[in-house]
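> Sequence:
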Amino acid sequence: MAISSLTRLATSTITSPPPFTTALIISRYFTKRIIFTTATQKKNPPRSFKTMSSSLNSKVIAPYGSWKSPITADVVSGSSKRLGGTAVDPQGHLFWLESRPSESGRVVLVKEDGDEPIDITPPEFAVRTLSQEYGGGAFRIYGDTVIFSNYKDQRLYKQSTSSKGSCPVPITPDYGGPVISYADGVFDSRFNRYITVMEDRRVSRTNSTTTIVAVPLDGNIQEPNVLVSGNDFYAFPRLDSKGERMAWIEWSHPNMPWDKSELWVGYISENGDIHNRVCVAGYDPKIVESPTEPKWSPTGQLFFITDRKNGFWNLYKWVESKNEVLPLYPLNAEFARPLWIFGMNSYEFIKNEAGKTLIACTYRQNGKSYLGILDDVQGSFSLLDIPFTDIDNIASWNNYLYVEGASAVHPSSVAKVTLDGRKVVDFKICWSSSSDCLKYESYFSQPELIEFPTVVPGQNAYAYYYPPTNPLYQASQEEKPPLLLKSHGGPTAETRGILNLSIQYWTSRGWAFVDVNYGGSTGYGREFRERLLDRWGIVDVDDCCSCAKFLLENGKADKDRLCITGGSAGGYTTLAALAFRDTFKAGASLYGVADLNLLKAETHKFESHYLDKLVGDDKAFFDRSPINFVDKFSCPIILFQGLEDKVVPPDQARKIYKALKEKGLPVALVEYEGEQHGFRKAENIKFTIEQQMVFFARLIGRFNVADPITPIKVDNFD
1 MAISSLTRLA TSTITSPPPF TTALIISRYF TKRIIFTTAT QKKNPPRSFK
51 TMSSSLNSKV IAPYGSWKSP ITADVVSGSS KRLGGTAVDP QGHLFWLESR
101 PSESGRVVLV KEDGDEPIDI TPPEFAVRTL SQEYGGGAFR IYGDTVIFSN
151 YKDQRLYKQS TSSKGSCPVP ITPDYGGPVI SYADGVFDSR FNRYITVMED
201 RRVSRTNSTT TIVAVPLDGN IQEPNVLVSG NDFYAFPRLD SKGERMAWIE
251 WSHPNMPWDK SELWVGYISE NGDIHNRVCV AGYDPKIVES PTEPKWSPTG
301 QLFFITDRKN GFWNLYKWVE SKNEVLPLYP LNAEFARPLW IFGMNSYEFI
351 KNEAGKTLIA CTYRQNGKSY LGILDDVQGS FSLLDIPFTD IDNIASWNNY
401 LYVEGASAVH PSSVAKVTLD GRKVVDFKIC WSSSSDCLKY ESYFSQPELI
451 EFPTVVPGQN AYAYYYPPTN PLYQASQEEK PPLLLKSHGG PTAETRGILN
501 LSIQYWTSRG WAFVDVNYGG STGYGREFRE RLLDRWGIVD VDDCCSCAKF
551 LLENGKADKD RLCITGGSAG GYTTLAALAF RDTFKAGASL YGVADLNLLK
601 AETHKFESHY LDKLVGDDKA FFDRSPINFV DKFSCPIILF QGLEDKVVPP
651 DQARKIYKAL KEKGLPVALV EYEGEQHGFR KAENIKFTIE QQMVFFARLI
701 GRFNVADPIT PIKVDNFD
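Numbering (my numbering), first residue to last: 1 to 718.
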């Protein structure tokens with residue numbers, strides 16, 4: 001239940017709506033129709049504002065949570081785009097995929113063209129695949145051509161990237177609707193075709209068929225030719241430079257790709273079929289591993305990443321003549337991420353000044369990302385000094401690396417890194433999700449990586465703590481700040497300490513904020529990741545509560561104003577923490593899970609057996625579902641839900657809302673038409689963060705919000 005891969009923020013304005021009904025529904029035609037309930041904000045007794053002195057440099061003393069900030073919800077929703085991948089063509093032009101909340105989340109391929117980037121994707125198209133619901137790998141550049149998945153009909157289209165205003169041409173059949181999706185494709189010049197993963201939902205959405213297929217590029221639209229089939233899932237089809245061998249990753253139920261997967265190589269016959277195949281990694285039952293990201297070097301060697309032996313995703317290469325694999329640089333660090341989306345690219349082959357092939361790669365260790373160059377022959381690794389502390393994908397061209405990254409002061413960005421041998425001689429940001437955000441830098445709260453004890457003796461977990469920060473305000477010495485704890489989605493995922501304006505929205509108003517990597521998160525190896533097996537709803541909940549208590553013991557928060565929030569799997573942890581523990585005083589669940597059995601019955605194929613390993617037997621499914629223990633809830637909750645969500649369907653939010661309302665607890669439900677798993681529209685992103693803020697302020701805050709926000713009606717409170 002990872003949050004959708006292209007969920008970010010853009011510009012909009014919300015006018016004050018009229019009262020209508022209790023459950024709030026936002027129409028997909030937001031500017032034309034709004035249906036929801038408003039309520040007059042209950043004012044707490046005003047608290048006096050005092051100044052420290054008449055000095056111009058003095059700060060205003062005001063209650064935590066009441067501070068004024070220029071980082072408004074409009075700024076949060078309007079200043080950030082989401083990156084969906086990068087690529088470089090043979091001429092060195094950079095391409096990137098960006099989502100635009102100001103265009104209702106439309107995803108556009110953009111080409112670097114001097115000072116003014118140009119849109120390659122025409123307005124009537126959007127580059128997005130629905131494969132495995134989370135998508136990724138929606139486009140591929142080859143020469144001056146791009147193949148992409150179009151969101152509306154999910155067909156593949158071919159388009160020129162050199163001719164301005166060129167019209168995309170379909171290359172796959174029209175099935176009358178978006179019932180077949182494609183992802184993670186590569187060009188096959190030997191047979192003039194496009195090899196890609198295909199997901200067929202014509203028979204069943206919850207039990208789709210996934211294969212690796214070949215799509216002809218000769219202009220004749222026909223049914224794709226199946227090359228590899230028979231397993232539940234496939235990813236990373238990758239051809240060698242001659243088109244004679246293809247590597248791919250596959251896995252089967254009940255495993256997720258990070259539990260156990262297999263790397264295969266198939267030999268391509270003269271007619272283009274796979275006529276022989278060999279399993280390179282994942283076949284030995286004595287070795288538990290999850291290989292990922294296979295890639296052929298220019299000289300025809302196969303490299304990949306797996307977590308055998310030390311339990312961390314490290315780089316390996318295949319010795320074809322012996323069918324054995326060799327480690328390149330063993331390190332207790334993660335050189336890859338979990339395969340939630342297609343198209344990840346954590347390493348690239350580059351050549352040095354002497355023509356020797358080296359590997360530019362990134363790894364993550366102790367909450368920080370590193371970029372370096374690996375010489376697999378010598379077994380040496382040279383770190384590259386760049387400002388990013390968080391790195392995702394990389395691409396290369398000549399002596400340049402294009403790095404997708406961020407830091408505590410850099411939002412999600414793409415940087416052009418110029419190399420001289422194994423040294424960085426230039427670092428230039430060429431794309432930023434929030435290009436003007438640095439004007440708010442004095443308001444930024446810097447993340448502090450904390451390690452805290454869990455309820456299991458000897459086991460620690462991790463989090464990023466953001467203290468309240470505002471250059472104009474401070475609270476009295478006697479007051480402790482309210483704390484908002486965030487539980488990330490996944491749950492097999494990782495939160496990172498980077499500049500996120502949605503966090504700065506809270507901290508610049510006087511909230512403390514903590515983002516938790518509970519047991520089961522990625523980034524810390526397989527042993528840490530597997531703490532959650534059979535214990536989802538226990539370990540994550542305990543770790544979030546332990547983190548909050550750790551901050552209380554260190555004087556960082558007010559025990560009476562501890563709040564928790566989370567989306568998707570994080571929404572489940574939020575509801576479970578509120579049902580089964582008494583640590584938090586209020587919560588916000590965004591498209592969260594209330595009923596584990598209902599989720600298992602209704603969710604899509606990719607995650608249909610995910611819960612089997614995370615939860616366990618039927619009794620555990622019942623005992624850990626918050627919906628079955630409404631009597632244990634005792635504090636206010638606000639719920640947000642997209643009505644087109646296929647991962648966590650709307651019935652989840654509606655069931656828990658109805659039950660809590662009938663119990664008499666303060667509760668509110670916000671439903672968004674046209675939204676799926678993760679909110680993409682600017683107006684909905686803005687509305688969600690504002691309503692969380694004012695909900696917490698009214699119910700447990702003991703302060704008045706400085707922003708002019710009209711709160712929705714809260715059942716059993718208004």
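Hints are computed from structural coordinates only; laboratory data are not their basis.
Just to be clear, a hint being listed does not mean it is correct.
Unchecked claim - Just the calculated beta-carbon pair ranges, DEER-fashion:
(1) Lys646 / Ser269: 37 to 43 Å
(2) Pro254 / Lys286: 52 to 58 Å
(3) Lys286 / Glu553: 43 to 49 Å
(4) Ser229 / Val455: 58 to 64 Å
Where is the CB? At the ideal position from N, CA and C, for every residue including glycine.
> Give a verdict on every hint.
Now the hints, each set against the structure:
1. The hinted window of 37 to 43 Å between Lys646 and Ser269 holds, with their beta carbons roughly 38 Å apart.
2. One distance hint, 52 to 58 Å for the beta-carbon pair Pro254 and Lys286, is violated here, with the actual separation near 20 Å.
3. Evaluation of the 43 to 49 Å hint for Lys286 and Glu553 yields a pass: the beta carbon distance comes to about 44 Å.
4. Between Ser229 and Val455 the Cβ separation comes to about 46 Å, which falls outside the hinted range of 58 to 64 Å.
Going through the hint list in order, the structure does not satisfy hints 2, 4.
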